[in-house]
Amino acid sequence: MGTVVVDVMLKSEILDPQGQAVAGALPRLGFDQFTDVRQGKRFELTVAGEVTDEVLAAARSAAETMLSNPVIEDVVGVRAELNEAESQAAEPLA
Amino acid sequence: MRIGVVTFPGSLDDHDAHRAVRVAGGEPVSLWHGDDSLRDVDAVVLPGGFSYGDYLRAGAIARFAPVMTALIPAAQGGLPVLGICNGFQILCESHLLPGAMIQNDHRTFICREQRLRVENVATAWTSDFEKGAEITIVLKNQDGQYVADRRTLDELEGEGRVAFRYVVDTPEAASAVKYDRFASRNPNGSYRDIAGLTNERGNVVGLMPHPEHAIEEGYGPSLDGLKFFTAVLKSVVNR
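Chains as they are written, first to last, in the numbering used here: chain E, 1 to 94; chain S, 1 to 239.
Check the hints yourself; a few may be wrong.
[Stated by the list, open to error] No farther apart than 25 Å at their CA atoms in a straight line, the calculated lysine to any residue pairs in the SDA-like style are these:
1. 41/E x 1/S
2. 41/E x 189/S
3. 41/E x 56/S
4. 11/E x 162/S
5. 234/S x 176/S
6. 11/E x 106/S
7. 41/E x 115/S
8. 178/S x 234/S
[As the list claims (entries may be wrong)] For the chain S half of the interface with chain E, some residues (derived, Cβ under 7 Å), not all of them:
9. 100
10. 108
11. 110
12. 112
13. 151
14. 155
These are calculated hints, taken from the structure and not from any lab test.
Think of the CB as a built atom: it goes at the ideal place given N, C-alpha and C, for glycine as much as any other residue.
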């Protein structure tokens, strides 16, 4: 089982009311070092088999036609994510 | 005269749209999001609401509903289509109208009686208005901020395709209006005060405020909304 992660962000010239709300609330908790916050969307697309080049191409196409609206958003990332077994092999838990 | 009203999962104002069509003298016809048939209607209303919960983006999932695969080519072929609120968002997501809608800049839901100026009276849905007329209908939305890039905005204005603009008072006039925080600014941050648009041909119109809530004495702020529906009935006759 493989997963493709798609990240979508509002274009920088578009006002981000959600990000502004978060930015406004952070200092109340003492986090006053962050001058701006922008909030995006992360999609995890799961396939039964491995994440092949074809799967990535399909994910890219889905990202551009449906997961984002090119008028206001950019697709900033489409990448295969390691599955759990692989990531554990790479970084064994202590 | 058969005017179709599409019901998506999460549509709210489809019944009011039906009623508006009937009060104007037309025959409302229910269209279902899952059907790819337009049932031979003469015009279509995409009503307000929160189709598919507004998940992903307002109107984004509705735009791929089976009924839209029939509606998009029909609209491109000249079928009169009115998108109200969520319907306007769906028209933008379908690229039948340019630009997009994002959250109100003040981040709160808004529900108010809103003054608009009618700027294009050559469309299928606005021909019963006088150019420059001020009308008052209901506005209620969360994601009502119209945005587009500068080139698109210039093009829309150059071609007279801004059908409706929010009426914004001067600071002096606004200071006389108590308790109205939107007297001297538009109510959702829309670029260039745009409240509604038309396509080049004038058959597709989308707007954020709700004409279908202003059609009867005793309900809503005026009867201004009725003219949208009487106009389209005439345009269908003359087509």
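Worksheet item: Taking 7 Å as the limit, does the beta-carbon of residue 151/S come near enough to a beta-carbon in chain E?
Response: violated, 12 Å
Worksheet item: With a cut-off of 7 Å, does the beta carbon of residue 108/S approach a beta carbon of chain E closely enough for the hint to hold?
Response: Cβ of residue 108/S sits 10 Å from chain E, so the hint is violated.
Worksheet entry | Interface hint compliance - residue 100/S to chain E, C-beta minimum distance less than 7 Å | holds, 4 Å
Worksheet item: Are the Cα atoms of residue 178/S and residue 234/S separated by 25 Å or less?
Response: The given pair, whose Cα atoms are some 41 Å apart, is violated under the 25 Å limit.
Discussion item. Holds or violated: residue 41/E and residue 1/S, Cα atoms, limit 25 Å.
Written reply: violated, 44 Å
Worksheet item: Under the criterion that the straight-line Cα-Cα distance not exceed 25 Å, is the pair residue 11/E, residue 106/S satisfied?
Response: At roughly 19 Å apart (the allowed maximum being 25 Å), residue 106/S and residue 11/E satisfy the hint.
Worksheet item: If you draw a straight line from the CA of residue 234/S to the CA of residue 176/S, is it 25 Å or shorter?
Response: With a Cα-Cα distance of about 40 Å, the restraint between residue 234/S and residue 176/S is violated, given a limit of 25 Å.
Discussion item. Does the closest beta carbon of chain E sit nearer than 7 Å to the beta carbon of residue 112/S?
Written reply: Violated - the Cβ of residue 112/S stays beyond 7 Å from chain E, reaching only about 18 Å at its closest.
Fill in: Given hint residue 155/S near chain E, where the shortest CB pair must fall under 7 Å
Since chain E brings no Cβ nearer than about 14 Å to residue 155/S, farther than 7 Å, the hint is violated.
Fill in: Pair hint residue 11/E and residue 162/S, alpha-carbon separation not exceeding 25 Å
OK: residue 11/E and residue 162/S at ~24 Å, within 25 Å.
Item to complete: Could you grab the alpha-carbon distance between residue 41/E and residue 189/S and see if it respects the 25 Å cut-off?
Response: Within the cut-off at roughly 22 Å; holds.
Discussion item. Hint check: residue 41/E vs residue 115/S, CA-CA at most 25 Å. Holds or violated?
Written reply: violated, 35 Å
Going down the numbered hints, you'll see the structure goes against 1, 5, 7, 8, 10, 11, 12, 13 and 14, while the others check out.
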